[in-house]
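On the provided structure of chain Z, position chain L as indicated by the hints.
Number of protein chains: 2
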Amino acid sequence: MPVYQLYHAEELKEYMVRFFTKLDVPTEDAAIAADILLAADLRGVESHGLIRLNTYYGDRLRKKLVDPTTPLTVLHESACALSLDGGNGVGLVAGYRAMTRTIEKAKTAGIAITTVRNSNHYGIAGYYAMMALPHNMIGVSFTNAQPLVAPTYGKKAVLGTNPIAVAAPADHCRPWVLDMATSIVPIGRVTVYDKARRDLPLGWGIDSQGQPTTAPSDVLKGGALMPLGGTDVMRGYKGYGLAMLVDIFAGVLAGASFGEKVGQPSSTRTADVGHFFAAISIDAFRPIADFKADMDAYLQELKESPKAAGHDRIYVHGEKEFELAEQRQRTGVPVMQPVVDSLIENGKQIGVEFDLSSLGQVSDDE
Amino acid sequence: MPVYQLYHAEELKEYMVRFFTKLDVPTEDAAIAADILLAADLRGVESHGLIRLNTYYGDRLRKKLVDPTTPLTVLHESACALSLDGGNGVGLVAGYRAMTRTIEKAKTAGIAITTVRNSNHYGIAGYYAMMALPHNMIGVSFTNAQPLVAPTYGKKAVLGTNPIAVAAPADHCRPWVLDMATSIVPIGRVTVYDKARRDLPLGWGIDSQGQPTTAPSDVLKGGALMPLGGTDVMRGYKGYGLAMLVDIFAGVLAGASFGEKVGQPSSTRTADVGHFFAAISIDAFRPIADFKADMDAYLQELKESPKAAGHDRIYVHGEKEFELAEQRQRTGVPVMQPVVDSLIENGKQIGVEFDLSSLGQVSDDE
Numbered sequence: 001m002p003v004y005q006l007y008h009a010e011e012l013k014e015y016m017v018r019f020f021t022k023l024d025v026p027t028e029d030a031a032i033a034a035d036i037l038l039a040a041d042l043r044g045v046e047s048h049g050l051i052r053l054n055t056y057y058g059d060r061l062r063k064k065l066v067d068p069t070t071p072l073t074v075l076h077e078s079a080c081a082l083s084l085d086g087g088n089g090v091g092l093v094a095g096y097r098a099m100t101r102t103i104e105k106a107k108t109a110g111i112a113i114t115t116v117r118n119s120n121h122y123g124i125a126g127y128y129a130m131m132a133l134p135h136n137m138i139g140v141s142f143t144n145a146q147p148l149v150a151p152t153y154g155k156k157a158v159l160g161t162n163p164i165a166v167a168a169p170a171d172h173c174r175p176w177v178l179d180m181a182t183s184i185v186p187i188g189r190v191t192v193y194d195k196a197r198r199d200l201p202l203g204w205g206i207d208s209q210g211q212p213t214t215a216p217s218d219v220l221k222g223g224a225l226m227p228l229g230g231t232d233v234m235r236g237y238k239g240y241g242l243a244m245l246v247d248i249f250a251g252v253l254a255g256a257s258f259g260e261k262v263g264q265p266s267s268t269r270t271a272d273v274g275h276f277f278a279a280i281s282i283d284a285f286r287p288i289a290d291f292k293a294d295m296d297a298y299l300q301e302l303k304e305s306p307k308a309a310g311h312d313r314i315y316v317h318g319e320k321e322f323e324l325a326e327q328r329q330r331t332g333v334p335v336m337q338p339v340v341d342s343l344i345e346n347g348k349q350i351g352v353e354f355d356l357s358s359l360g361q362v363s364d365d366e
Numbered sequence: 001m002p003v004y005q006l007y008h009a010e011e012l013k014e015y016m017v018r019f020f021t022k023l024d025v026p027t028e029d030a031a032i033a034a035d036i037l038l039a040a041d042l043r044g045v046e047s048h049g050l051i052r053l054n055t056y057y058g059d060r061l062r063k064k065l066v067d068p069t070t071p072l073t074v075l076h077e078s079a080c081a082l083s084l085d086g087g088n089g090v091g092l093v094a095g096y097r098a099m100t101r102t103i104e105k106a107k108t109a110g111i112a113i114t115t116v117r118n119s120n121h122y123g124i125a126g127y128y129a130m131m132a133l134p135h136n137m138i139g140v141s142f143t144n145a146q147p148l149v150a151p152t153y154g155k156k157a158v159l160g161t162n163p164i165a166v167a168a169p170a171d172h173c174r175p176w177v178l179d180m181a182t183s184i185v186p187i188g189r190v191t192v193y194d195k196a197r198r199d200l201p202l203g204w205g206i207d208s209q210g211q212p213t214t215a216p217s218d219v220l221k222g223g224a225l226m227p228l229g230g231t232d233v234m235r236g237y238k239g240y241g242l243a244m245l246v247d248i249f250a251g252v253l254a255g256a257s258f259g260e261k262v263g264q265p266s267s268t269r270t271a272d273v274g275h276f277f278a279a280i281s282i283d284a285f286r287p288i289a290d291f292k293a294d295m296d297a298y299l300q301e302l303k304e305s306p307k308a309a310g311h312d313r314i315y316v317h318g319e320k321e322f323e324l325a326e327q328r329q330r331t332g333v334p335v336m337q338p339v340v341d342s343l344i345e346n347g348k349q350i351g352v353e354f355d356l357s358s359l360g361q362v363s364d365d366e
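Protein sequences appear in the order of chains Z and L.
For the first sequence, my numbering begins at 1 and goes up steadily by one.
For the second sequence, my numbering begins at 1 and goes up steadily by one.
Simulated from the structure, these hints should not be mistaken for lab results.
Hints are all accurate, no fakes.
Any copy will do: because identical chains look the same in the list, a pair fits if it lies in one copy or spans two.
Once the Cα atoms are required to be at most 25 angstroms apart in a straight line, the calculated DSS-like pairs of lysine-lysine come out as: (1) K261 - K307; (2) K320 - K292; (3) K64 - K22; (4) K64 - K348; (5) K261 - K64; (6) K348 - K63; (7) K292 - K261; (8) K261 - K303.
Chain Z extracted, bound-state conformation:
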């Protein structure tokens, strides 16, 4: 039963700003990066938030494997298309600036697409898609990632969990936000089962011979995750296809790495992660008021549709996350004790002490 300490959201964000600034990230960029990581913890995607502050960002910045100034270069530009080089900078900052420019272009052109090559891990894909919402646009965000998923009939991890995120505004209802890995589960979920000595549901992963396994260690040691859909009989080749779709848009089209070569930055090579962003201005197609009214009707129709036996609520995508974020803004953001311990440890090393006061303690049974 893991123990979590609760912290004020704003205080966590301020801490992360100090952390990034200390590592030579410009103040404005530090605020961007901190906001994106905090959004992950607020929305219940803990795997992409504070837990990665040091491993994915701090550690790599300290080792000079990532450029703290995130120098973006324009490779190609037209009214609605933009191709950027991320300068091996902070993925969160490259993503934010790329989506900001995408939205600016879509204000004039109606539609815009931006690709980014030579970038790094950019956190939750959904954050960038949601940036389009206040502008009455549909937002789209894809990224490729280091290989963890095997193709159908394969046994080696050659594809990332390559997420798809799309956000669309509504009127009275909350916006619709899909933010999904194209594997069944992320690797972090398998690690949780491994630590808890629990069997995996059959189909989440394969062993080193490519056979479905219920042993988390089989997946973690030489095995791979399965794409959405799982086995062939359940049409796992569709999830495999979606992973490729993301890699073609975010990797190949961007001129970034793709497939097995997408990596972690090291002393000998950059990660060369690729991103893809799109913004679609709704009023280029129909009046925004009509679109939003129809979105409300659509979301209500799904939520009110008849429930399966044993269930009393149907969710639409993003709903749980909005509710959780609102609650956590009020009552505090839970951070696992081991994460708190490493924040304290890393903070000391870097010289930015993690000295926030816990608002209390909660425990969780997973």
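For chain L alone, coordinates are given in the frame of chain Z:
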């Protein structure tokens, strides 16, 4: 063991042109519609080809439920965005003309998106995505469809099998073509199991109470298909999200029907199906030669990656279909005997006799 008659592809196409023309579809439009239906049969998607010539097209045209002239109207237009009303015409023709205009726009603007409202069933989504390939563009095509799929925790079919199709060109390798329903299987697959008195794999569908079932009749009578991913533990809410994504782009953004209201045309209402098309000119982002070389490398990497025990080949999307289409162009297109019988029967009624000579007969064990 169903029996199939083999026919020359070109002769089948010529027959369909005569069929559509007889039903007041202009000759040019008839050739378009016939080519798209034939492509389905060539590519092994028999469920979307000749088998639907009468039920989805002929019958509705005869009953004046679909306008044979497919009068398209422009609702909104800018350099890269186009919103069309399909005039309750032939979906195949509306789709073809909409994608043609999308590609024309993308030649100038670099990117273009077209939505179509007030349309009808448009056949295989992949056809339109593939139209972008000769222009060195990535093509995208979505459509919504009549409700057959239940949302996660629901028990009623309120979503279509809403397909996603994306095509990207390569150099020496064949193009990559993903064309997938966002349900695990289409309803036609369940019908095949029902007729063969076989149990369904658990997870393809639910009964009228929302419980997973292996009985095809449970799914067909008051049940529903499950979205890609299946049950909650296998992350079926992702497939549910993809079905909504398609409905938001092809239905809500287009100003067409969405969710449960997408229908079949009747004497009291039109089907009001919605489509979404996008074309992305690769050279707006990077030189086409570089993209194609990377696509070759990517496709080869996947095909050559280590195989799971019991498998000796990894496929990339579209590969099987290209091989099958080439073979069927040479040796003939198989048409199931009951479909041949109904072509003969309907042909007599309409006055366009189905008088093609079979090239031979084959049987299949599914």
